[in-house]
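Visitor: Letter by letter, the chains look like this.
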Amino acid sequence: MTRNRLIMVLTVAVFLTGIVLFPVVNGKPVWCQEPAAVMTLESTEIEDEEAAGDAVTITAEQVEEARETTSDRIYGLVGLWALIAVVIYIVRFQVKDDERLYRTGYYNRDIE
Amino acid sequence: MIDVKKMISERVGLGAVVSLARKKMVPMHRHSVWYYMGGMLLFLFMVQLVTGPLLLFFYKPSAESAYQSIQEIMVTVPYGWLIRSVHHWASNLMIVVAFVHFFSTFLMKAYRRPREVTWLTGMALFVVVLFLGYTGYTLPFDERAWFALNVGTDMPGAIPVVGQYMLEFLRGGPTVGDHTLNRFFALHVGILPLALMVVLGVHLLLVQLHGMSVPKSVEEESESKKEPIPAKPMFPHLVWHDIINCLILFGMLVTLAVFMPSTLEAPIDYLKPAPEGVKPDWFFLWVYQILKWMPTYVLGLEGEVVGIVGLSVVAGFVALAPFVDWKSQRNQRSPLFTVIGIASLLVFLLCTVIGFVY
Chain A
1 MTRNRLIMVL TVAVFLTGIV LFPVVNGKPV WCQEPAAVMT LESTEIEDEE
51 AAGDAVTITA EQVEEARETT SDRIYGLVGL WALIAVVIYI VRFQVKDDER
101 LYRTGYYNRD IE
Chain B
1 MIDVKKMISE RVGLGAVVSL ARKKMVPMHR HSVWYYMGGM LLFLFMVQLV
51 TGPLLLFFYK PSAESAYQSI QEIMVTVPYG WLIRSVHHWA SNLMIVVAFV
101 HFFSTFLMKA YRRPREVTWL TGMALFVVVL FLGYTGYTLP FDERAWFALN
151 VGTDMPGAIP VVGQYMLEFL RGGPTVGDHT LNRFFALHVG ILPLALMVVL
201 GVHLLLVQLH GMSVPKSVEE ESESKKEPIP AKPMFPHLVW HDIINCLILF
251 GMLVTLAVFM PSTLEAPIDY LKPAPEGVKP DWFFLWVYQI LKWMPTYVLG
301 LEGEVVGIVG LSVVAGFVAL APFVDWKSQR NQRSPLFTVI GIASLLVFLL
351 CTVIGFVY
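One line per chain: the protein sequences are A and B, in this order.
Quick note on numbering: the working numbering labels position 64 of the first sequence as 64, and the sequence is numbered without any gaps.
Quick note on numbering: the working numbering labels position 247 of the second sequence as 247, and the sequence is numbered without any gaps.
These are calculated hints, taken from the structure and not from any lab test.
Keep in mind that a hint or two might mislead.
Unchecked claim - Cβ-Cβ distance ranges computed for the label pairs, FRET-style:
1) Gly-79(A) x Met-46(B): 21 to 29 Å
2) Val-78(A) x Asn-182(B): 50 to 58 Å
3) Gly-211(B) x Gly-79(A): 46 to 54 Å
4) Thr-70(A) x Val-127(B): 36 to 44 Å
5) Ala-82(A) x Arg-333(B): 42 to 50 Å
6) Val-78(A) x Val-4(B): 34 to 42 Å
7) Ile-90(A) x Lys-23(B): 36 to 44 Å
To be verified - Calculated pairs, DMTMM-like style, for lysine to aspartate or glutamate (alpha carbon to alpha carbon, straight line, at most 20 Å):
8) Lys-24(B) x Asp-242(B)
9) Lys-232(B) x Asp-97(A)
10) Lys-96(A) x Asp-242(B)
11) Lys-23(B) x Asp-97(A)
12) Lys-23(B) x Asp-98(A)
13) Lys-23(B) x Glu-99(A)
14) Lys-24(B) x Glu-68(A)
15) Lys-232(B) x Glu-99(A)
16) Lys-232(B) x Glu-221(B)
17) Lys-24(B) x Glu-99(A)
Every residue gets a Cβ at the ideal spot worked out from N, C-alpha and C, and that includes glycine.
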């Protein structure tokens with residue numbers, strides 16, 4: 001029973017962590033200051049904009065900010081997967097217990 | 001010390017539910033892995049139910065402000081990019097798992113007596129999931145949504161007799177505009193999720209009532225060996241595996257959201273003609289490819305009309321599989337329907353790939 005409770009608590013923790021992990025790992029007030037999501041620009045798109053004289057200048061600060069955001073997000077992701085791995089490892093214990101009961105014939109009865 | 005479990009159990013009859021779940025048995029055989037698809041679909045739907053309302057706090061469903069509100073969600077709303085991207089990927093994964101669930105149940109002939117109604121409710125759910133995907137795709141009201149709305153609403157317009165009525169009903173007028181977006185918004189956040197919840201309730205109730213379907217080959221093996229089919233209790237056995245699947249899916253959703261966030265195309269240019277080779281979202285690519293191959297005229301009728309009517313007939317045939325597969329109804333093997341299932345799967349995969357590449 002203790003293991004069951006531990007699994008339940010950890011599973012809930014993973015889902016909650018998934019939701020709050022990103023604000024926490026940033027380590028700075030980001031409320032309403034979230035930088036733009038990473039977007040890939042085609043080189044032709046940039047060339048076209050340059051030719052039309054509409055190219056947007058990207059400052060060194062913006063590049064640095066984007067790098068920080070990317071690394072924060074990747075750290076967050078690694079943390080989330082680590083937590084998921086721990087919970088799955090513990091759940092596997094329970095599954096193995098279940099398999100043992102199954103092999104001993106505990107569940108071997110007709111389908112109702 | 002207050003016994004919370006006892007307190008809740010006394011008031012909501014939790015004991016009866018747990019006891020019922022423990023009695024419920026799941027057959028264990030070489031095809032049991034397909035039983036997990038239903039749980040995965042349910043989890044992805046839950047993700048949509050959580051992320052959808054969060055997006056609703058910021059989304060503005062009008063032709064003037066929809067695009068700008070999505071930009072705001074992606075750029076200024078805290079973690080808006082994450083919520084929108086998770087919503088986007090959960091809907092895509094939901095459609096992938098729905099396709100896998102559909103083909104696996106069809107090939108296992110899970111529609112055999114007494115599960116005909118379970119199959120029909122499953123088909124209804126499948127259609128609702130596809131339309132939820134399509135209506136969601138149009139809500140950013142960007143260039144991609146604009147062409148999707150025009151082409152998508154044109155298609156029912158080609159259906160004889162009721163086509164024109166359907167076209168105007170979907171568009172809210174003769175052309176795509178503000179009314180169309182409002183209608184698609186109402187469908188996406190109100191009508192379709194409500195329909196999904198009602199049909200899902202019936203579907204789950206029927207699955208509980210009839211239990212998991214066992215393929216004919218497994219039944220025959222069990223009969224020849226004169227041994228009962230091994231089974232494990234649904235709770236906790238299936239639940240443990242469901243938890244593992246959901247955790248992996250959750251990790252995948254967040255990973256996809258981080259590395260491939262949901263994008264936004266250029267704003268609509270009403271004067272711009274539709275570009276060459278404009279394509280629908282991936283789950284309708286097979287339909288697009290089949291219609292593309294249709295000649296302009298077939299026996300004097302418009303090729304597109306023939307294609308749409310033909311595909312509707314095929315969809316109707318598949319939906320009515322429990323009633324036309326006589327052999328399965330008599331609890332016999334039906335290799336013809338296995339061939340139909342495999343052929344349909346190949347057509348779907350090939351047309352999707354060809355539609356994507358060319």
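Visitor: Need the status of pair Lys-24(B), Asp-242(B): alpha-carbon distance at most 20 Å?
Guide: holds (16 Å)
Visitor: Please verify whether Lys-24(B) and Glu-68(A) have alpha carbons no more than 20 Å apart.
Guide: With a Cα-Cα distance of about 51 Å, the restraint between Lys-24(B) and Glu-68(A) is violated, given a limit of 20 Å.
Visitor: Hint says 36 to 44 Å; check whether the CB-CB distance for Ile-90(A) and Lys-23(B) agrees.
Guide: About 26 Å separates the Cβ atoms of Ile-90(A) and Lys-23(B), which means 36 to 44 Å is violated.
Visitor: Mind checking the alpha carbons of Lys-24(B) and Glu-99(A) for me, to see if they're no more than 20 Å apart?
Guide: holds (17 Å)
Visitor: Do the Cβ positions of Val-78(A) and Val-4(B) conform to the proposed distance bound of 34 to 42 Å?
Guide: holds (36 Å)
Visitor: Is the distance from the Cβ of Gly-79(A) to the Cβ of Met-46(B) consistent with 21 to 29 Å?
Guide: holds (23 Å)
Visitor: With the threshold set at 20 Å, check whether the alpha-carbon distance from Lys-232(B) to Glu-99(A) stays at or below it.
Guide: holds (9 Å)
Visitor: Determine whether the Cβ-Cβ distance between Val-78(A) and Asn-182(B) falls within the hinted range of 50 to 58 Å.
Guide: violated (43 Å)
Visitor: Assess, step by step, whether the Cα of Lys-23(B) is no farther than 20 Å from the Cα of Asp-97(A), and give holds or violated.
Guide: holds (19 Å)
Visitor: If you draw a straight line from the CA of Lys-232(B) to the CA of Asp-97(A), is it 20 Å or shorter?
Guide: Given pair Lys-232(B), Asp-97(A) holds - Cα atoms ~13 Å apart, limit 20 Å.
Visitor: Is Lys-232(B) within 20 Å of Glu-221(B), Cα to Cα?
Guide: holds (18 Å)
Visitor: Between Lys-96(A) and Asp-242(B), is the straight-line Cα distance small enough, at 20 Å or below?
Guide: holds (15 Å)
Of the numbered hints given earlier, the model fails hints 2, 3, 7 and 14; all others are met.
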